[in-house]
Each structure stands twice: as structure tokens, then as C-alpha cells.
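Dock chain Z against chain H, hints included.
Protein chains in written order, with our numbering: chain H, 1 to 460; chain Z, 1 to 783.
Just so you know, the hints here were simulated from the structure itself, not pulled from any lab data. Heads up, a few of these hints could be off.
Result set (PhoX-like, lysine-lysine): computed pairs, CA atoms no more than 20 Å apart in a straight line [claimed, not checked]:
1. H:K432 / Z:K311
2. H:K432 / Z:K276
3. H:K86 / Z:K402
4. H:K331 / Z:K402
5. Z:K708 / Z:K719
6. H:K38 / H:K165
7. H:K221 / Z:K708
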Amino acid sequence: MNDMLTRRNLIFQAGKGFAGIALASMLQGAQHPMGKAKNVIYIFNHGGVSHVDTFDPKPTLARLSGETVPASFAEGLKTSRIDFRKAIMRGSPWPFQRQGQSGLEISTLFPHISKHADRIAVVRSCFGDAFDHAPAMFLRCTGSQFPGRPSVGSWVSYGLGSENKNLPSFVVMSDGAMKSGAGAYGAGYLPATFQGTVFRAGKSPVLNLATPDGVNPEAQKETIGFVNDLNRRHFASREEDSTLDARIKSYELAYRMQAEAPGAVDLTSESEATRKLYGIDEPLTADFGRKCLLARRLVERGVRFVQLFFGTNLGDDWDDAHNDLLGSHNKMSKKSDQPIGALLTDLQARGLLDSTLVVWNSEFGRTPLAEGKNGRDHHPYGFSMWMAGAGIHGGKALGATDEFGLRAVEQPKTIHDVNATILRLIGIDHLKLTWRYQSRDQRLTDVHGENEFTDWLLKA
Amino acid sequence: MRGMLPFLSLLLCAVTGYSATPAEAVTLLRARCHQCHSAATRMGNLSLTSTAEVLAAKDRILSALAYTGKIKMPPTGKLTDAEAGTLKTWISEGATWAELQRSTTQQPTHWSFKPPLRPQTPSTIDAFLTAKLAAKGLTLAKEADRLTLIRRATFDLHGLPPTHAEIDAFLNDKAPDAYPKLIERLLAHPRYGEQWGKHWLDLVRYGDTSGFEQDPYLLYAWRFRDYVIQSFNADKPYDRFIKEQIAGDELYPEDPESQQGTGYFTVGTNRDMLYKVEDINRIEQLTDFVDTTSSVFLGLTMGCARCHDHKFDPLPQRDYYRLQAIFAPFQKTRVFLHYNNARGYDLSENTRTFKLYETGAQLSAILDPHRTRLRNARLAKLPPEVGVAFRTPDEQKTPEQKALFEMHTKAVEPRDDEVYAQLTPQENEQLHKIERRLISMYRTYAPGPFSPGLTDVGREAPRTYLTNGEEVGPGFPTALGGGDIPQPPADSPTTLRRKALAEWIASDRNPLTARVMVNRIWQYHFGRGIVSTPSDFGTRAEGPSHPELLDWLATEFVSRKWSIKEMHRLIMNSAAYRQTSKPSPKALEADPDNTLLSHFTRRRLEAEEVRDAVLLAAGTLNTKAGGRPVVPPLATEELYGMSQPIANAWVVTEDAAEHNRRSVYMISRRNFRMPLLEAFDRPEGVLSCSRRDSSTTAPQSLSLLNGKFTVTQSEALSKRLQAASDPVQEAWTSVFGRNPEPAERQRTEAFLATQTQHLGSRTAALTELARALFNTNEFLYVE
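Chain H with its partners taken away, still in its complex shape (with noise of 0.2 Å):
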């Protein structure tokens, strides 16, 4: 490992010839069949979306409404606001619909979503042991309740490395204000090439891509144009130092992100129907309909992994569900149905879907119970999440939490059975990625991690 190592660090610090290490193929597991995708869209609801008010329909639990659950089911389950022995059942206020041919439930919240319903796989039975914001998205972002850990993407573009050398091979977008801070999508003790790169909104989506005030192109061209001849007449009696060479090139590679960067982040080159499928002049898909529509395109250019937190604006995200369970699930549902279906449809039509997996995933769930008279508490002993792309076939769904969608009781799947999951869909065994620290050859799924659903995914 070490050696790929230096090996990898060197052709990623020298801004060249990344692409045509077959690295996956030195990571690939020989037992089982592996995915072929090349590239992640990691859709990460910010803030924790109710399971039972969207893809685990749950009759008990409105059939029961107002009543508290059983002893038994309630014994060992805490959050910071409610209390599960008191706390009264609430059934869900939108009804579910079988979509699709496959018949698979899914509530009103997600018309657009609902029509993809044949190509979504739905996980019904996550389940993790932490109920507050930042350790739940740690766990659910880099396996580990705790932070400082590398996070899946950068393990993904550790693990893939980048199709294209002017682009991050690993992007986040967000709005800003992530409650665990930028640990979710951190490089942890891997090296920080792998860390999530932010692309922002506007002209300059890289912080620091625009020349600063009042320094025009050219001029800008002729200091970099100076930095590298100074460089070069000092590298010219050091040529024995490879870093040094890597530092002059990192300014071309910068160079040539100034140039590309924008590009990528420019839609005006895209047609109206495209603008109109993903609600990009509504006012309420505007803003995650660019970031989808971005998604698709830095996709396109060959970045490896884009997460999108979507409702990291303080006081727009879903955990408004605490008093306003009504209110937050139906804005913020509307806010990014559209656009994720959009997504689903544009990667599919464009020939991108079988080579992409699109994850939709969250820290917890909510509470079935009731907090206060309109809310639900964090709930991560059952939840859901789905998958497509990357030759899932969908339309169906795994695992089951109990009859009041408390904990995940068939199938239960841990985050490392998710993120196992994910890298066998991407061809790589996670029993292989492996980086050493502290003594130990240290993994995403640290020493857990099932993978075999994987088949049942691909299984048509």
C-alpha cells in the first residue's frame, strides 16, 4: 500500500497524468461480482428526514395514533427531547402510493421521485446509536461517531483518483451551515488532497478561483508567468527535488482550474427544457435544482464523487420536524423533489445512470412518536435510505423496521453495510482500501461491513 502510495501522492502532487492508474483493479475483491459505476452523486439530507412520512409506510402507527407504544418496544430508546415510554404515536399525514410497476410505497412528498420509483432500491432498516446532529453525520458521513476520521468520498477519490485533472476529484456543495462543520466531508487522517473540495455558487465556485480586485487577466497571467521564472531559476540547481517540480506545476493545474472551473459551474449553456426539468427559475427548486444540474454536469467531466447536503441553511433544513413536522417536510420535499427527480431522469437520458450511483441518504430518521403537538424527535434506531444508477435495478425495497417503524428489525444495516455497499458498487472491496495509521491498516468500515446486499441491487 505504501508504495501505490507514494506512487499516488506523486502523480496527484505533480497535477499529472491522472488518469490510467488502474487502481481499482488492485482493489477489486475476487469473490464476488463487483459494480462497474465510475462515479457518485451522494445526496445527504441535512438534518434528519421522517422514514415514516416518506418511504416506510407504516398503518400501525396512524391506526394507533395517540396512543403510547408498548413497554417492550420502547425500553432503550433515547433522544435528547421526548421520551419513548410517554411520547404518543402520530400516523403519518401524507398518505403513501404504490408507483411504478414494481408497486413500491412511497408517501405524497416526492411526486417527481415517485415516477423513478422502478429505479430506486430503498433500504428500509438503517440503523446507527447516535441521536444528536454532528456525531450522527459523522458516523453516516465517515463511519465514526467521532470526528477526525476521512470521510466516504475521500476514501472514494483516494481509492478511484480523478478522470479529470483541472477538476477536485471529490466536490461538496452545501449552503454553508453544516452541523457537524466541514468534518462531514474531511480527509481525516488520509492526505488532504482527498478532502471535499466546496464549490460555491456564482462565478468563482472555488474558494480563492478569482483574481483578486482590480487585477485584470492579463496582469494576473504575467505574475504567475514571473512566479514560474523565478521558480524555474531556482529549480535549476535543485532538479534532483521532485516536490519542487510539483509546486511549479500546481500552478498551471491552478491555472487551468481558473479556467475550467467556471465553465463547469456555467449552466447558460444549457437548453430550457433542461433549466425547466429541474425547477432552475422557481423560486423554491431554484437553488438545489442548480446544485443537482451542477452534479450532473461535474459528473460528466469526470469528477468522482459529488455530495450534496441539501438544507444546510440554519433554520431551512429538516430538522425543523422537531415543532413543525408538517411545514419542514413539506417545503423541504419541495424544495428538493423536483430536482432529484430531475437528476434521476437527466443521468438517465444522457446514458449516465448505469455509470453513476445516486445515494439519498440522512443522519437518522424521526421519531413515529410526537414531539410537542407537531413534531417528531432525531430517530436513528430505524430509517430509511434508497439508492439507483450504477445497474441497480429498483423498484423495490430491503429490510423492514418494526410495526411502529421504531428499529430496523429485518435486515438491519449499519452504515458500514452501507458504505461496503457503495464501494462494491464502484468496484472496489473495502476490505482492501485500506490506509495505514496509528499501527493499523485503517478502513472506511473500520472492522465491520457486510456487502453481500449488493447482489440483491444488481439481482434484476
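Only chain Z this time, still in chain H's reference frame:
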């Protein structure tokens, strides 16, 4: 792997031919197995110290020795054919025990667990290095030129470049001891502690906030930061430094300055401000204490043994929990730096808070009637259901009411200035009175005389259990001699467990402590330790490149009373340290990674050094030391990814002069790193960092090229250049500390002419010159 099989069968055939005496076999067991599989260690629940035990485990042993299955033993390397044969035959013949009998004390076998050996004859760093170089036909490189030497030494000891005047003085000092005098001057300067304190802060995962969503301030963490810096400046003996950090409260109960060391335990990540997770948080902190303490002070990676016996090092799970039991009674506390002042501070804080409740009520009494009147007047103009929505308490609002409320809040809810406009002169006067009273109460508001610290809950500790439920008491790792910590005397206020640990670590008999620290010092000077994994001296780590040198340094360190500055003297006065960074062609071939130190290793500046060097070159560096963390202004687009509202999380320091202080004094938020520092590999501050990355990336170049910081500092330097009679000369001496060569001057003049044309002014062109020089390799690397 498959290719191994024929080879192995061959081997097994061959070994049956060996005969073995019990004495040989037991000697072998002792040497290669007992460190982990004795009655005391029992790793993998296996002890191999009697015939019965060996026979019972026969299949496990044979399978592990074969080195083909999941478990391969010994983990340090397969036995030779002869050794494996000896054991196999002996076991097949009944494993009769030799007269050696059961032994309880095991001699450690791993090099770093044995005491350092001191060479018989006096030696020097250069002698050790030259011996190894000579074996490859190499020698040390020639001495670097003087400019290189002063720049190297100043960056290494101060984290800053030398000033022009300092360079001049050194270049002109013809005395034979000019260089040792330089080192003395640097060591005596308070900037030394800022640079070396920073290394230590990396190790002890220092931060000014505690992380997670709320990321609350660790309000007094900076006192520990200052304590570390001052400790380095005072050349506090390292054994004392260890003792203060691990058990300052138990060892020096009368000395608050020393107790400040226990802040070590409090400046990490925690969830103290989250509720209902106290149990998890306590476990996480115990884990952090064990992992950080064992890796920082002992170079042991205990983390593995938390869940199971360490697979590679002789660290059974029991040892992990014996260490954890030492910290089990921990309780965070405040160190009172001055007892009376602390009491006075708390008292006035207490009274002030009581008065503030009353002030709040007075303000409401004045302002609320106006607020309500304004609000009602506005609501009256809206449909009645809006008014109902506003008057319904939040908890009882229907979703529709909530929507109405949100929709109209901005238009209806009076702003403060609108309310103030309604006040009568009499009310205004009342308000001003309150205002003046508040100002008086807060006029001298400042942090109290406290430092964060740690002590025990009392003499009794909570019990500690293994994952199988077995209770364990406090003690030290068996592989290092073990030993239990006894019960404290009946009148002891604490368990004295950390005192025992501190004394055990900070001892010349501990084989790891001195070795680990001298190796760290070596690494910060040469870029790479004699052991390349500075926090891992276990069996999986690569061994030392120069074992005798490491042992010699370790014994020197102890005999020089654990003085860190003495180690700098020893190292920096060596010819090895003074070598040029230019390798000979032969060295490049025979020692490409420079593990033999055939030349000096060039290094990129660390994140803080980049920022601080720019400030110094621009002439804007504020050298004030210590105090509350500084929050410099950042561009809006830089303040990204924060988990709390920026107005709370990034409270910019009022005094602008503070903004240009050294990076070690800038706030270190757990959830947010200053983008420039982050780009240059400043660690996250969550886990102990023993060696920083030195990456070269495009975002780094973008940051230094286009970032607001560079632009501001370039403008500052530009002002100086304009005022200079020879701007090019001034630029070169400010940034590189040398004169421009004719070709450079020529190129620069051409550049300035072109940029004056592009940008319309000479001033702007000079700013571009400054911006360019800050981006050069000559500036960013230490030779």
C-alpha cells in the same frame, strides 16, 4: 500466496528431521512467545507456560507457526525452519517442560521495550551517521552557506525567517563561534516557545472549541496553550513537563502553575455540552486519554487493544483497561491561578448575574408596552386570522398559523430602533441610566484567573471492566514490566493513579519515554525521525534507521536532565545539521530517500510558518505573546461550513493590531480551520498529530495567489517598496533576505514595467511584485 504452498510442504517435510531438547524449546518459547502468551499477559486467552497449556493448544500453535492461516505467529516474523522444527518435534514428543520451570517475569524482546544501551566510548551524532554512510561509500555533505544556515536555524527554532539585520549581523560575525552563538540567541528568544509549543499542541490535539454541532468555546484553553509555550521557553525538564501534564494536581498540589499542565486532558474534543450522552462522552474521553497519552508519551498505539488483544504488539486488552482505570476517576476542574482573585471573580460574577436578571426585567418594563402597541397597530391592518396566529403561543400554533406567522413576522415585528423611537424623554433617561450601569458592570470584564485542569472525583474510583465483564485494576502494560498501582493512603484526596503513571512514564527506567521524545526532536529538525513513525514504536513500525544513535541520544537526554534545549544544541551544532541540502550524485543513487542523512532535507514551510513569514516580510507582524485567542477577519466566502451562526462562531477581535499576530495565537476552532492554514496542511486538531502532511495542491496555490490575506499583505509590503530608494533591492531583502542577482533585477524591472502598463500604476505593479514573491519556492522552502 498460492505459490507458497509447495514451498511450505517442503518445509514441513524437512523439519521432521530435527531433534529437540526441552531446554531449547522452552528457551525459544520464552524468546518468541511469552511476551504475549505468559500467565500474566494471556493474549488471545493463551498462556504457554506449562506442558498442559502447550498440549491443549497444540493445533493452534502448529497452525499459527505454519504462517498460512489467518493467524500467523510470531507476528514479528516467521520462525526459521530449524526453530519451527524444534517446537514441532518437542510438542509431538509430549512437550515435557525443561528445568527452566515456569517463569513470571519475561524479558522484553522488542527493541524499544528494552532499555537504551549506552555506548562504552564517548561518541557524537556525526560519528554515528558517518559510520552508516561510510558503509555505502558516502560521507556527510559539505557545510551549507551562512545565509542558508541562519534561515534554516531561525525557521527551525522560531518558525520565522531571520530579519535582514539578523542576517547581516551573522554574515559579518567572523568569530569562530558565530554559529553556536546564533543557536544560543535563538534558543533564548521567546519566539522559540511559540514554534516548539506549536509542535506539542499538535501532539496533544489542542483546540479552542470542543467540536460537534454546538462547537462551544473552551473558554480557558488558551491558558494551557500559553503554559506549553512558556514551558518550552523555560526549558522545563521534560520529565517535569510530563508529570505536570499527567498529574500536576496530585504531584504539586500547592503549585497552580504546575497544575496548569493537566489542561492537557481538557483541550481535546468532547460532547460536554450535549445532554443525555454523558455516558458515551465519558467513555470517548477515557478512550482519548488512553490513546493520546500512550501515543504521545510512549509511542504506543494502544487503540487496537480497546476491543481485543493487540494483534501485533504484546498489548493485551487487559493492559488497555488497566491504563483506562488510571483515568476512570477523572473530573474536569478549574485551576485557581490566584486563590483570592479567583474567589473574588466568582463572587462578582455571581452578583452581576443576579443583578442582570433584574436589569432584564426593567428593560422589558420600559420597552415591551411600546413593542406590543406597535405590533398591534400593524396587525390591525391585516386580516384577523394573522392577529390570531401572532397571539397564539408558539407551541399551540397550527401549521397554517405558523405559516402566517412566518410570512408576516418581518413586516409586523417592530425592530429595536422603531421601539426606541417611541420612548418618552423620561423613558429615554431611564434607559440611559441602565445603559451606564451595564457599562460600569462590564467595563473591566475579562477572563478570570483560571486555567482548565483535571483532578479525581475523590479517593474512590468507578470500577473498570474488560469487555467480557471481568474487573481490572489500574496498572501498567505488562510488556513494559507491568506493575499494579496500589490503593492510596486513607487520607488521600485523590486516587493517586495518575501520579503513579506520571512517575512511571517520566522515569529514566522507562525504555520508551526518552527515546520517543528525542526522536520527535530529531524529526522536527531533520524532517524525519530516526524512527519514521514518531508515535509508534511498536513491532509493526519500521525499526530505527540508526538504533545506536537513538539510544545514545536517549541516554544523553536523560543525563542532561531531560533538557530539550540541550538536545537542540547537540543536534544543531552537529555537522549533519549544518550540511547543504544539495545531494551529491552518488548520494542520490545510494541514499535516494536520505534516510542516512547524506544531505539536509529541504522542507516546505508549515501552514503557520507560511502565514507568519508573510507577515514578517510585509512588516506587519505583531509579536505580542499569549492571551485570548485572536479571531482575524475573513472574507465572507471563506467563512464556510460553520455549524453555528457566524455572528457567534466568528467573533472578530476588536483590536485590528491583534489580527496580525502569530498563527499559534489565532483561534483554533474544531469545526473550522482558517482556509489558508487548512490548505497548507494544518491538522484538524481532533486526533493527535505527530507528523504533518506536506502536500502540494492546486487549492494551496490558489489560496496563496488570490486569497485576501496575500492581497492585504502584498499591499502592505508594496507601501514599503514604494518608499524605498531601490524597491527591487528592498523586495529581495524583505522576502528572501538576500540581494537580487543582476539577472533577477533585470527580469523584475521588466515585470514591473509590464504590470505598470497592465494595471495603470507603479503602486499596483509593486503590489503584484510582492504577491509574486510570496508565491515563490525560494520563499516557501527551507534549504
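Tested hints:
1. H:K432 / Z:K311: holds, 18 Å
2. H:K432 / Z:K276: At roughly 37 Å apart (the allowed maximum being 20 Å), K276 (chain Z) and K432 (chain H) break the hint.
3. H:K86 / Z:K402: violated, 26 Å
4. H:K331 / Z:K402: Given pair K331 (chain H), K402 (chain Z) holds - Cα atoms ~13 Å apart, limit 20 Å.
5. Z:K708 / Z:K719: At roughly 17 Å apart (the allowed maximum being 20 Å), K719 (chain Z) and K708 (chain Z) satisfy the hint.
6. H:K38 / H:K165: Cα-Cα ~16 Å, so holds.
7. H:K221 / Z:K708: holds, 18 Å
Violated hints for the displayed structure, listed by number in ascending order: 2 and 3.
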